[in-house]
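Chemist: Chain A is fixed; fit chains B and C onto it per the hints.
Chain residues, written in single-letter form:
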Amino acid sequence: MERYTPPPQSKLGQIFDVLVLLVLTVGALYVPLWLGLAGSAQVHQTVDAPTWESLNQNAAMVEQWGKLGFADAEAAAPLITARFDYSFSIFALVAVIITVVGYYAMMLKLSEKEYRDVIAEKFGKE
Amino acid sequence: MSDTATNTPGIAGEAERAAAQNGGLLRVLGPAHIWALGVGIVLVGEYMGWNFAVGKGGAYAALIACWFAGILYSCVAMIDSEVTSTVAAAGGQYTQAKHIVGPLMAFNVGLYLVFAYTMLEAANAITVGFLVETVAGMTGHEGLDPQPFIVLAIMFLAWLNYRGVLATLTFSLVITAFAFSSILILFLATSPVFGDSPLRHAELMTDLPYGWLGVLAAMHFGLWYYLGIEGTCQAAEEVRSPARSLPFGTLAGIMTLLIAATLTWYVSVGLMPWEYLGQSGVPLFDAARMSGSTALTVLLGIGTLFATLASANGCINDASRAWFAMGRDHYLPSWFGAVHPVYRTPYRAIIFLVPIALIFALGAPLDQVITFSILSGLLEYTFMPLNVILFRRKWPLETIKRGYEHPFHPLPAITLLCLCGITFFAVFLGYGTQLVAMIAFYIVVSLWFHFWRYRFVRRAAQFTMPWPKPQGY
Amino acid sequence: MLIWNLAEYVAWALAAVLGAYIIIDWLRTDSRYSEEELTSSREGQLEAMTEQHEL
Numbered sequence: 001m002e003r004y005t006p007p008p009q010s011k012l013g014q015i016f017d018v019l020v021l022l023v024l025t026v027g028a029l030y031v032p033l034w035l036g037l038a039g040s041a042q043v044h045q046t047v048d049a050p051t052w053e054s055l056n057q058n059a060a061m062v063e064q065w066g067k068l069g070f071a072d073a074e075a076a077a078p079l080i081t082a083r084f085d086y087s088f089s090i091f092a093l094v095a096v097i098i099t100v101v102g103y104y105a106m107m108l109k110l111s112e113k114e115y116r117d118v119i120a121e122k123f124g125k126e
Numbered sequence: 127m128s129d130t131a132t133n134t135p136g137i138a139g140e141a142e143r144a145a146a147q148n149g150g151l152l153r154v155l156g157p158a159h160i161w162a163l164g165v166g167i168v169l170v171g172e173y174m175g176w177n178f179a180v181g182k183g184g185a186y187a188a189l190i191a192c193w194f195a196g197i198l199y200s201c202v203a204m205i206d207s208e209v210t211s212t213v214a215a216a217g218g219q220y221t222q223a224k225h226i227v228g229p230l231m232a233f234n235v236g237l238y239l240v241f242a243y244t245m246l247e248a249a250n251a252i253t254v255g256f257l258v259e260t261v262a263g264m265t266g267h268e269g270l271d272p273q274p275f276i277v278l279a280i281m282f283l284a285w286l287n288y289r290g291v292l293a294t295l296t297f298s299l300v301i302t303a304f305a306f307s308s309i310l311i312l313f314l315a316t317s318p319v320f321g322d323s324p325l326r327h328a329e330l331m332t333d334l335p336y337g338w339l340g341v342l343a344a345m346h347f348g349l350w351y352y353l354g355i356e357g358t359c360q361a362a363e364e365v366r367s368p369a370r371s372l373p374f375g376t377l378a379g380i381m382t383l384l385i386a387a388t389l390t391w392y393v394s395v396g397l398m399p400w401e402y403l404g405q406s407g408v409p410l411f412d413a414a415r416m417s418g419s420t421a422l423t424v425l426l427g428i429g430t431l432f433a434t435l436a437s438a439n440g441c442i443n444d445a446s447r448a449w450f451a452m453g454r455d456h457y458l459p460s461w462f463g464a465v466h467p468v469y470r471t472p473y474r475a476i477i478f479l480v481p482i483a484l485i486f487a488l489g490a491p492l493d494q495v496i497t498f499s500i501l502s503g504l505l506e507y508t509f510m511p512l513n514v515i516l517f518r519r520k521w522p523l524e525t526i527k528r529g530y531e532h533p534f535h536p537l538p539a540i541t542l543l544c545l546c547g548i549t550f551f552a553v554f555l556g557y558g559t560q561l562v563a564m565i566a567f568y569i570v571v572s573l574w575f576h577f578w579r580y581r582f583v584r585r586a587a588q589f590t591m592p593w594p595k596p597q598g599y
Numbered sequence: 600m601l602i603w604n605l606a607e608y609v610a611w612a613l614a615a616v617l618g619a620y621i622i623i624d625w626l627r628t629d630s631r632y633s634e635e636e637l638t639s640s641r642e643g644q645l646e647a648m649t650e651q652h653e654l
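These protein sequence lines are chains A, B and C, in that order.
Our numbering applies: residue 1 is where the first sequence begins, and numbers increase by one.
Our numbering applies: residue 127 is where the second sequence begins, and numbers increase by one.
Our numbering applies: residue 600 is where the third sequence begins, and numbers increase by one.
Same shape as in the complex, but just chain A:
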């Protein structure tokens, strides 16, 4: 097995490679933000003139809300009525499953190819 000698990389090339990685990272973090797709949806059921009873809070809960600084039901209502929306489409779920599984499949396949080279060079072919 022939030994593979990597080409030397110039200083400028090294800096450029790091920049590419950085730009990709920042992109992955900020692109969903710019597109306004980030965060999970919370819906508020608006209750007119909320009382502790209409919010289903018992005496002990009311007492604890009081200690937390929520004097009346009005103040606590936005927290109590906030709910997540867990509805999703099957299509989106399938798309995500394909993405995740595809990613791992691709990575394992390419890794295996590179790994065989490494082992062949390290231990020699039998």
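Worth double-checking, as some hints may not be accurate.
[Unchecked claim] Short, incomplete list of chain B residues facing chain C, as computed with Cβ under 10 Å: (1) 215; (2) 270; (3) 278; (4) 329; (5) 333; (6) 336; (7) 451; (8) 463; (9) 465; (10) 541; (11) 566; (12) 591.
In short, the hints are calculated from the structure, not lab data.
Just so it is clear, CB atoms sit at the ideal spot from N, CA and C, and this is done for glycine as well.
Modeler: Only chains B and C this time, still in chain A's reference frame:
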């Protein structure tokens, strides 16, 4: 314990040891440091963040998620202990992947590590700023600018890391022990054992507000009880006896966290209605305030600060080791593979990651940063079962000696894979777009590595373990 | 309150000092030692000596 290195077979004395350490990292840590590194990174999750699981599915859902995530992480700790007690090198899971799965997988794992930890570090710094702001607010000063405190926290810990690993992790050990003791004291002080208890479980607990779907969704933040425990492997090159200390420190760490997580849940849900708890910024601090004791409030306030600092500290340590290891192998520019000749730390990697942490701590919203961190962690946990299955297949038990063999193989691997699948679904429920954006990022980066960057990597030289040829090759 | 305003400045100053320490030490180290010496760390160097993976 101090003479472990000299007693280890293969190292005769001072002179030979000095030769072996030429240019490398310093081998000074004991099992307690490993415990501190693992628990230190994670314990902040008990002080903030885990409670979003309550918001996602109610109080009972958070407990179920806590225990299922506990099972997930017990599998992680067992699998990791076995592999890392054999592959003792900086870079941890990155080096494992390089030897067991292949270079591209290793590159991806290295990036998971760096991003999971750097993002967690940024989140911790944001929390430090928030905490200082809160304390200022309590003394009647409004409008404090948290930025200098965020920057100071990052700079101080970077400086500490730069100066040497022993001081860094001893610092972590002290503040982690304090933060953990605070949780124990809070539990004892509020429990019915000592007279009147402020806990009101019977009245405050409700049915599952979202049904069982909420329990699944809660798994997303259930990870937060333990996220980062696998970071113990990063210290492999700096610990005196890796084959013994790493499994010991890691497994002791996961046990500590299981206790801390359950106690935290118990006290918090007994004091606060779940609707509040699910959206609280600092739940344990709130719990202490609710108990009505000033001493407890101060204690848990300091505990919160210490937990965030210990976590950020461990994150800098781990992220820089992973970045350093990748530089050393030319996966990244080799410039990063330098060790400080006096302090024996990967100083260039530490310096490089400071501005990155600052960008995210000062510029990005907290939930984004945390989701990025959790997702990177989740991708890493999905890699682990694949890793250990291949490890056992390529090097069966009788071929190489392991410092620790995890029991019931392949049951932990399969359990872990299933739990990761559930957690992917939980993340999809709340943050599907980020999940896809993240995977897209890793796909692009993988292609970039395979078709461009890999040409600078020497092939055989990256396989450094003194192992026989893997079976099937 | 004055003390909090002061604290902000002190925090900025401390951060700057620590940052300066790191940068100065980094540049001095890089100029004093050769690149070969600095990047002489090798993975598995200790592994080969201390951990005998044999049964």
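Chemist: Does the structure break any of the earlier hints, and which numbers would those be?
Modeler: 4, 5, 6, 10, 11
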